[in-house]
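Participant: What follows is each chain in one-letter form.
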Amino acid sequence: MGLSPKTSEKIAFSLLILATLTVTGFVLIILAYIILNGYGAISIEFLTQMPNRMMTAGGIYPAIVGTIALITGSMLVALPVGIMAAIYLNEYAGESRTTWLIEMAINNLAGTPSVVFGLFGLALFVKYFGFGPSILSASLTLALLILPVIIRATEEALLTVPNEYRESSLALGVSKWQTIRYAVLPAAIPGVVTGSVLSIGRVAGETAPILFTGAVYFLPRMPDSIYSQFMALPYHLFVLSTAGTNVSETRPIQYGTALVLLIIVLGLNLVAVLIRRHYRNKLKI
Amino acid sequence: MTESVQNVSQPQIEVENLNLWYGEKQALKNISMQIPKNSVTALIGPSGCGKSTFIRCLNRMNDLIKNCRIEGKVSIEGRDIYGQDVDVVELRKEVGMVFQKPNPFPMSIYDNVAYGPRIHGASKKDLDGIVEQALRSAAIWEETSDRLKSPALSLSGGQQQRLCIARTLAVKPRTILFDEPTSALDPISTSRIEDLIMNLKKDYTIVIVTHNMQQAARISDYTGFFLMGELIEFGQTRQIFHNPQEKSTEDYITGRFG
Numbered sequence: 001m002g003l004s005p006k007t008s009e010k011i012a013f014s015l016l017i018l019a020t021l022t023v024t025g026f027v028l029i030i031l032a033y034i035i036l037n038g039y040g041a042i043s044i045e046f047l048t049q050m051p052n053r054m055m056t057a058g059g060i061y062p063a064i065v066g067t068i069a070l071i072t073g074s075m076l077v078a079l080p081v082g083i084m085a086a087i088y089l090n091e092y093a094g095e096s097r098t099t100w101l102i103e104m105a106i107n108n109l110a111g112t113p114s115v116v117f118g119l120f121g122l123a124l125f126v127k128y129f130g131f132g133p134s135i136l137s138a139s140l141t142l143a144l145l146i147l148p149v150i151i152r153a154t155e156e157a158l159l160t161v162p163n164e165y166r167e168s169s170l171a172l173g174v175s176k177w178q179t180i181r182y183a184v185l186p187a188a189i190p191g192v193v194t195g196s197v198l199s200i201g202r203v204a205g206e207t208a209p210i211l212f213t214g215a216v217y218f219l220p221r222m223p224d225s226i227y228s229q230f231m232a233l234p235y236h237l238f239v240l241s242t243a244g245t246n247v248s249e250t251r252p253i254q255y256g257t258a259l260v261l262l263i264i265v266l267g268l269n270l271v272a273v274l275i276r277r278h279y280r281n282k283l284k285i
Numbered sequence: 001m002t003e004s005v006q007n008v009s010q011p012q013i014e015v016e017n018l019n020l021w022y023g024e025k026q027a028l029k030n031i032s033m034q035i036p037k038n039s040v041t042a043l044i045g046p047s048g049c050g051k052s053t054f055i056r057c058l059n060r061m062n063d064l065i066k067n068c069r070i071e072g073k074v075s076i077e078g079r080d081i082y083g084q085d086v087d088v089v090e091l092r093k094e095v096g097m098v099f100q101k102p103n104p105f106p107m108s109i110y111d112n113v114a115y116g117p118r119i120h121g122a123s124k125k126d127l128d129g130i131v132e133q134a135l136r137s138a139a140i141w142e143e144t145s146d147r148l149k150s151p152a153l154s155l156s157g158g159q160q161q162r163l164c165i166a167r168t169l170a171v172k173p174r175t176i177l178f179d180e181p182t183s184a185l186d187p188i189s190t191s192r193i194e195d196l197i198m199n200l201k202k203d204y205t206i207v208i209v210t211h212n213m214q215q216a217a218r219i220s221d222y223t224g225f226f227l228m229g230e231l232i233e234f235g236q237t238r239q240i241f242h243n244p245q246e247k248s249t250e251d252y253i254t255g256r257f258g
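Protein chains in written order, with the working numbering: chain A, 1 to 285; chain B, 1 to 258.
Derived by calculation from the structure, the hints in this document are not laboratory data.
Treat the hints loosely; a few may be bogus.
As the list claims (entries may be wrong) - Here chain B is said to cover these stretches of chain A; the calculated rule only asks that three of the stretch's residues, wherever they fall, bring their Cβ under 8 Å from a Cβ of chain B: (1) 22-35; (2) 231-240.
To be verified - Taking lysine-lysine and the DSS-like style, the derived pairs with C-alpha atoms no more than 30 Å apart in a straight line are: (3) K37(B) - K101(B); (4) K176(A) - K125(B); (5) K93(B) - K176(A).
Built from N, CA and C at the ideal position, the CB exists for glycine as well.
Just need the whole structure built from these sequences, with the hints factored in.
Facilitator: Right, dumping it as structure tokens:
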């Protein structure tokens, strides 16, 4: 070829670094934009009060509570089920046509548009099981949505655990389940946590699945049980941006809402990083 | 089969006509062997001869391999370990195994040794004693007693392997299988482990797979020579090395192939 190794090295390096800078640049611009615009709206009242005057004033407290309820509810369901399914698939199932089919189904589930999950949740949880439009229905729908993410992440994490751990544990007269429980899972936890956090971000941000299953435009009072309807940050943001007529008054609230959502997700990410680091330090040198 | 072995009254391990297949391929052919109690038995032979496959039959680690089929009889302390009523998990408590690569768990030194006994239900107050005893028996107590809480992975390779031996001893097996335990170690670590193995035979029956003929000659009482899935010759180590009965044994130990 015409290019010397030195020149092609330089070109490749420049392109790679350009791509990296572009990505980080955009992330920083978005972050800065939201922080600068939303910063002014944040106050104790904004975080702790109900919206009022047709959402042109007041706070976003119910939406914060709703989003946190959804995160908690969907994690409570999806984490244990997802981790157990991944353990079964990776440690017990072996390779067979059935396993292959299940893996395919999980992959397809991961690629299914979230609005389809919304419709499914409406049909199954809201109607068939009769949970109505509620925190429960929406949490279960979101749990289904993130199940493939958690299963995948857990399977990946289990795959990185060296087989020698399993063999040497079994050779000590430790049963298969005990081996998984005491030798394999502790080594896989950092990976599982990473996967769960990715899905927390999705739960906090998804709008389509909760639209059909219980999110409302406005609540006159706080939800009092898992069967209540709820407000959530992403949907609130959507409503503020599309339904309001008094744009100049709702705009700061929009940015404030976006910033709060961002802080919740970043905060949870931070917690995950800390958990991961804690386990890494405990496991490694 | 040599007379000297058959004279031993109660063999710890008795193998009769053992055959093993991986799918269609036969990896072990009609192996019979009697391994005496409180001795070191070395299994030698070129790569792929079946010696590792054979040793993994003795604690049923081959059960984990798909398409692996076994025929014949293996008795340990008089009990058929492939019998219907055998609990494999219990069997592996009695027949410990140390692997080729030092493979401590990513936990502290203490937790590595306590791993087995803790799961098997040892009480918290007994645990300290069990751990110390195991580390002493594995000749690594002096180096680790002041840093039991440090990660096992911070030890050197040779120390890690002795820790793995301690981890195995802590479960109190009566037989210990070593699958090329020093092939990843330097000569000094190797010689420490060899001394350790020779000490352990007072209390344990030891079977060791090694690719190193000098090692077999140095530490074992009995030697079995494997070739292409067959046990060519088995007998007292002195005899195998000084007066082999089979031509191929002689060729191997004199370095003509391998």
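Participant: With reference to the structure, classify each hint as holding or not holding.
Facilitator: Results of checking the hints against the structure:
no., hint, result
1, 22-35, "violated (count 0)"
2, 231-240, "violated (count 0)"
3, K37(B) - K101(B), "holds (26 Å)"
4, K176(A) - K125(B), "holds (26 Å)"
5, K93(B) - K176(A), "holds (14 Å)"
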